[in-house]
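**Q** Single-letter residue listing:
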Amino acid sequence: MQKLRSNKLNLIMKFILTIISVLTLLPLVYLISVSFSTDAGIARYGYTLIPRSFTLEGYKYIFKVPRPIITGYMVSVTVTVLGTALGLALSSTLAYVMARKDYRYSKATSFYVFFTMLFNGGLVPTYIVMTKLLHVQNTIWGLIIPYSISPWFTMIMKGFMETLPFEIVESAKIDGAGEFKTFVRIILPVAKPAIATVGLFYAFAYWNDWWLAMLYISKESLIPLQFLLYRTLSNLSYILNNMSSLLNVNMSNIPSESVRMGMAVIAAGPMLILFPFFQKHFVKGLTVGSVKG
Amino acid sequence: MLSKKIKSLSLILSSALILSMGLSACGSSDKSAEAPGTSQAASGTGTAAASPDTQLEPYEINWFFPNGAQADVNLVAEEMSKITKEKINAALKLTILDWGSYAQNMQIKMAASEPMDLVWTDGGTLPYLPLVNKGAFTEITDDMLKQYGPNILKGVPETAWPAAKVNGKLYAIINTQVLGRTPGILFQKKYVDQFGLDLNSVKKLEDLTAFYEKVHAADPALVPFEVAQSNSGGIFFNEYSSTLGIELLGRQNPAAVYISDDSTKVMNYFEAPETKEYLKLMHEWYLKGIIKKEAPMLKDVTPDQKAGKTVSIPTVVNPDTAANVSSKLGLKAEEMVALTLSKTFMNTASIIATMTGISKTSKNPERCIMLYNLLYDEKDTKLFNMMNYGIEGKHYTLAGDVATFTQNSGYMLASGWENGNMFNSYRQSEAQPEWYPVGPDMNKNATVSKLLGFNLDPEPIKNELAQVASVVDEFYGGLFTGAVDPETTLPKFLEKLKGAGSEKIIAEVQKQIDGWKTTR
Numbered sequence: 001m002q003k004l005r006s007n008k009l010n011l012i013m014k015f016i017l018t019i020i021s022v023l024t025l026l027p028l029v030y031l032i033s034v035s036f037s038t039d040a041g042i043a044r045y046g047y048t049l050i051p052r053s054f055t056l057e058g059y060k061y062i063f064k065v066p067r068p069i070i071t072g073y074m075v076s077v078t079v080t081v082l083g084t085a086l087g088l089a090l091s092s093t094l095a096y097v098m099a100r101k102d103y104r105y106s107k108a109t110s111f112y113v114f115f116t117m118l119f120n121g122g123l124v125p126t127y128i129v130m131t132k133l134l135h136v137q138n139t140i141w142g143l144i145i146p147y148s149i150s151p152w153f154t155m156i157m158k159g160f161m162e163t164l165p166f167e168i169v170e171s172a173k174i175d176g177a178g179e180f181k182t183f184v185r186i187i188l189p190v191a192k193p194a195i196a197t198v199g200l201f202y203a204f205a206y207w208n209d210w211w212l213a214m215l216y217i218s219k220e221s222l223i224p225l226q227f228l229l230y231r232t233l234s235n236l237s238y239i240l241n242n243m244s245s246l247l248n249v250n251m252s253n254i255p256s257e258s259v260r261m262g263m264a265v266i267a268a269g270p271m272l273i274l275f276p277f278f279q280k281h282f283v284k285g286l287t288v289g290s291v292k293g
Numbered sequence: 001m002l003s004k005k006i007k008s009l010s011l012i013l014s015s016a017l018i019l020s021m022g023l024s025a026c027g028s029s030d031k032s033a034e035a036p037g038t039s040q041a042a043s044g045t046g047t048a049a050a051s052p053d054t055q056l057e058p059y060e061i062n063w064f065f066p067n068g069a070q071a072d073v074n075l076v077a078e079e080m081s082k083i084t085k086e087k088i089n090a091a092l093k094l095t096i097l098d099w100g101s102y103a104q105n106m107q108i109k110m111a112a113s114e115p116m117d118l119v120w121t122d123g124g125t126l127p128y129l130p131l132v133n134k135g136a137f138t139e140i141t142d143d144m145l146k147q148y149g150p151n152i153l154k155g156v157p158e159t160a161w162p163a164a165k166v167n168g169k170l171y172a173i174i175n176t177q178v179l180g181r182t183p184g185i186l187f188q189k190k191y192v193d194q195f196g197l198d199l200n201s202v203k204k205l206e207d208l209t210a211f212y213e214k215v216h217a218a219d220p221a222l223v224p225f226e227v228a229q230s231n232s233g234g235i236f237f238n239e240y241s242s243t244l245g246i247e248l249l250g251r252q253n254p255a256a257v258y259i260s261d262d263s264t265k266v267m268n269y270f271e272a273p274e275t276k277e278y279l280k281l282m283h284e285w286y287l288k289g290i291i292k293k294e295a296p297m298l299k300d301v302t303p304d305q306k307a308g309k310t311v312s313i314p315t316v317v318n319p320d321t322a323a324n325v326s327s328k329l330g331l332k333a334e335e336m337v338a339l340t341l342s343k344t345f346m347n348t349a350s351i352i353a354t355m356t357g358i359s360k361t362s363k364n365p366e367r368c369i370m371l372y373n374l375l376y377d378e379k380d381t382k383l384f385n386m387m388n389y390g391i392e393g394k395h396y397t398l399a400g401d402v403a404t405f406t407q408n409s410g411y412m413l414a415s416g417w418e419n420g421n422m423f424n425s426y427r428q429s430e431a432q433p434e435w436y437p438v439g440p441d442m443n444k445n446a447t448v449s450k451l452l453g454f455n456l457d458p459e460p461i462k463n464e465l466a467q468v469a470s471v472v473d474e475f476y477g478g479l480f481t482g483a484v485d486p487e488t489t490l491p492k493f494l495e496k497l498k499g500a501g502s503e504k505i506i507a508e509v510q511k512q513i514d515g516w517k518t519t520r
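Residue numbers (UniProt numbering), protein chains in the order written: chain A, 1 to 293; chain B, 1 to 520.
Keep in mind the hints are simulated off the structure, nothing from the lab.
Quantities reported herein were computed from a predicted structural model and do not represent experimental measurements.
Keep in mind that a hint or two might mislead.
Unchecked claim - Simulated pairs of lysine-lysine, BS3-like, Cα-Cα distance not exceeding 25 Å:
#1 B/504 <-> A/60
#2 A/219 <-> B/93
#3 B/504 <-> B/462
Starting from the given sequences, assemble the full structure and let the hints guide the process.
**A** Shown next, in the form of structure tokens:
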């Protein structure tokens with residue numbers, strides 16, 4: 001009886017999850033389908049799951065002038081790699097210090113970190129700090145520094161590190177390891193799931209960001225992929241919506257639907273590939289971190 | 001124990017310090033490239049604008065404006081700087097921001113008082129009036145214009161200036177284009193010929209019904225009258241209202257006046273009988289298939305245009321409109337023909353649609369006006385055209401005054417309306433009529449609004465305007481694309497408008513207009 005009921009429950013859960021996963025997958029399939037369709041085909045048949053008018057024109061158009069996309073990729077990859085490394089270095093050290101029970105100001109530090117989650121400097125002051133104090137505008141650092149430490153990710157990391165037995169630190173000390181060596185050789189290897197999870201969070205944040213590029217970058221050679229995409233789409237919708245208020249907008253460089261979707265596919269690609277590799281750690285890290293969160 | 005703590009703390013602190021030092025070093029090398037020195041106001045001799053003045057200190061003019069990204073922008077700015085250095089001893093730095101994020105970006109820059117010189121502004125994207133009220137722009141005095149910008153005074157029609165003045169003071173240079181708006185319709189010529197439409201006989205939209213019916217009967221797949229949710233025919237009433245003799249203050253603001261009314265009595269334009277007639281016509285066309293069934297939901301009209309199915313496009317008609325739009329349909333300029341429905345109408349909104357202000361943070365406003373003076377030069381248009389078309393031979397080729405773009409050249413701004421006097425621009429095809437004298441004549445002969453220079457202060461009716469705007473958004477699409485019957489829907493709409501406070505808005509607008517008239 002019990003078994004039957006759990007089987008039934010299992011089936012219902014599977015059904016619900018299937019629907020959810022179909023719902024999340026469908027838009028992606030549409031995206032890919034539209035990127036292979038002709039504009040005339042879209043006009044005639046609407047959006048279809050399988051392109052009824054197959055074409056590679058969109059991708060041909062994109063790769064005809066591949067310079068912005070290639071630089072965009074390079075910038076995005078550089079920013080993601082550097083940013084994730086920096087983010088992990090900063091938040092893991094900070095989280096470790098906050099998690100150490102023998103650190104007298106642990107609570108105060110935690111509160112300080114937590115406080116910035118509720119109240120931050122605000123847009124304009126942040127902008128002034130970045131541009132007038134650190135002068136990161138139009139440098140690669142403008143895309144890295146502002147996100148290099150996230151209080152939320154640090155708190156997740158801290159939650160995980162608090163679950164580690166303090167004894168391992170003590171035993172390391174007895175064995176003659178210094179603070180730094182303890183952290184690098186003992187704590188980091190044990191904290192791998194948390195590092196993988198938070199690292200993936202950072203990587204997502206950096207990869208998907210266009211906001212920083214909008215604020216700090218006006219040099220074409222530093223435009224990341226996402227901003228390239230955002231710019232194309234926002235320009236397009238702006239121009240379509242304001243056609244009558246601008247007497248003379250140059251329409252010839254507006255890409256067709258398939259080009260826009262093609263760009264979206266290209267921009268989304270790497271994260272889709274990256275995700276499965278992290279998935280194992282990801283699930284573990286999330287649950288472990290949340291126990292004490 | 002304690003010393004360990006201090007040691008680790010100092011490690012963090014010192015690493016943070018090293019990091020920040022490294023950063024500021026990166027930044028400072030970048031900064032040294034910026035404006036050299038703090039040159040003060042130029043030695044004000046009247047000859048400064050006309051001839052190279054060796055007394056001018058070197059300066060870099062930092063110019064921000066929205067447009068599509070241009071890969072070679074720095075190259076073009078360098079080339080332009082060669083000319084400007086020689087003439088006014090100023091280099092030029094162009095920063096192009098995309099349309100979608102221009103306003104947000106500039107507002108942050110202004111709030112942070114970043115050093116800037118020229119900033120593009122308008123009525124809607126980066127609104128002029130609030131920026132003036134915030135003190136973002138330097139006042140441009142008449143003396144400054146006379147002394148440094150004689151070409152500007154020559155290029156901008158005198159009737160237009162009041163529109164850009166706030167409390168009698170000017171804060172931005174008007175970019176000259178056809179400053180009024182001429183409602184009209186652009187047709188594919190082959191259909192006009194095929195179905196025998198005599199454009200001269202068309203006086204109002206109703207006269208086109210028979211023609212459109214014939215087009216639809218011949219091929220139902222065609223789109224006789226282009227209408228989409230938020231562009232084209234969907235918001236054509238913004239323009240066509242002037243043909244009907246109504247001046248709107250804004251699409252979502254019901255307050256409007258009759259153009260010929262000297263007493264400038266404010267009324268609700270949705271209540272006007274002319275509006276009702278228009279809506280009835282749109283509904284008739286919608287039922288007859290002249291307007292696409294999908295129109296109220298349609299956002300993007302380009303697929304139909306690219307497929308060549310669009311027969312006519314309601315739009316603002318300028319001398320170069322046919323040449324510009326035809327390329328979207330894959331046609332030549334002479335394969336399209338424009339019908340104008342009424343005389344050009346010039347009002348505050350159409351004039352302030354594109355202006356360039358001088359930022360409060362500019363260290364040398366005079367030099368900015370000198371630069372603009374060069375861009376406004378009718379006789380030597382090289383600088384202006386370089387800004388718009390790039391470097392000759394690399395980005396375009398020139399035959400007479402017709403510029404042909406090089407494909408994927410890395411620079412094609414082609415937006416003269418944004419950075420000087422559009423009429424000085426090279427033509428983009430042989431079929432496009434020459435700007436002189438057509439363009440300036442259109443400006444000279446335009447009907448001028450009685451409210452020129454009036455700017456509504458939305459503050460006292462902010463809530464009502466927001467509520468009314470959401471009611472307008474709810475009904476506008478259905479009514480103005482012709483999808484719903486105005487006989488039943490219009491009364492409901494007006495009822496809801498009243499509930500949202502339209503009467504209060506009209507009273508307040510009337511009050512402000514009356515007040516403005518007494519101070520004039």
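**Q** Please flag the earlier hints that this structure goes against, numbers listed from lowest up.
**A** Number 1 - this is the single hint that the structure violates.
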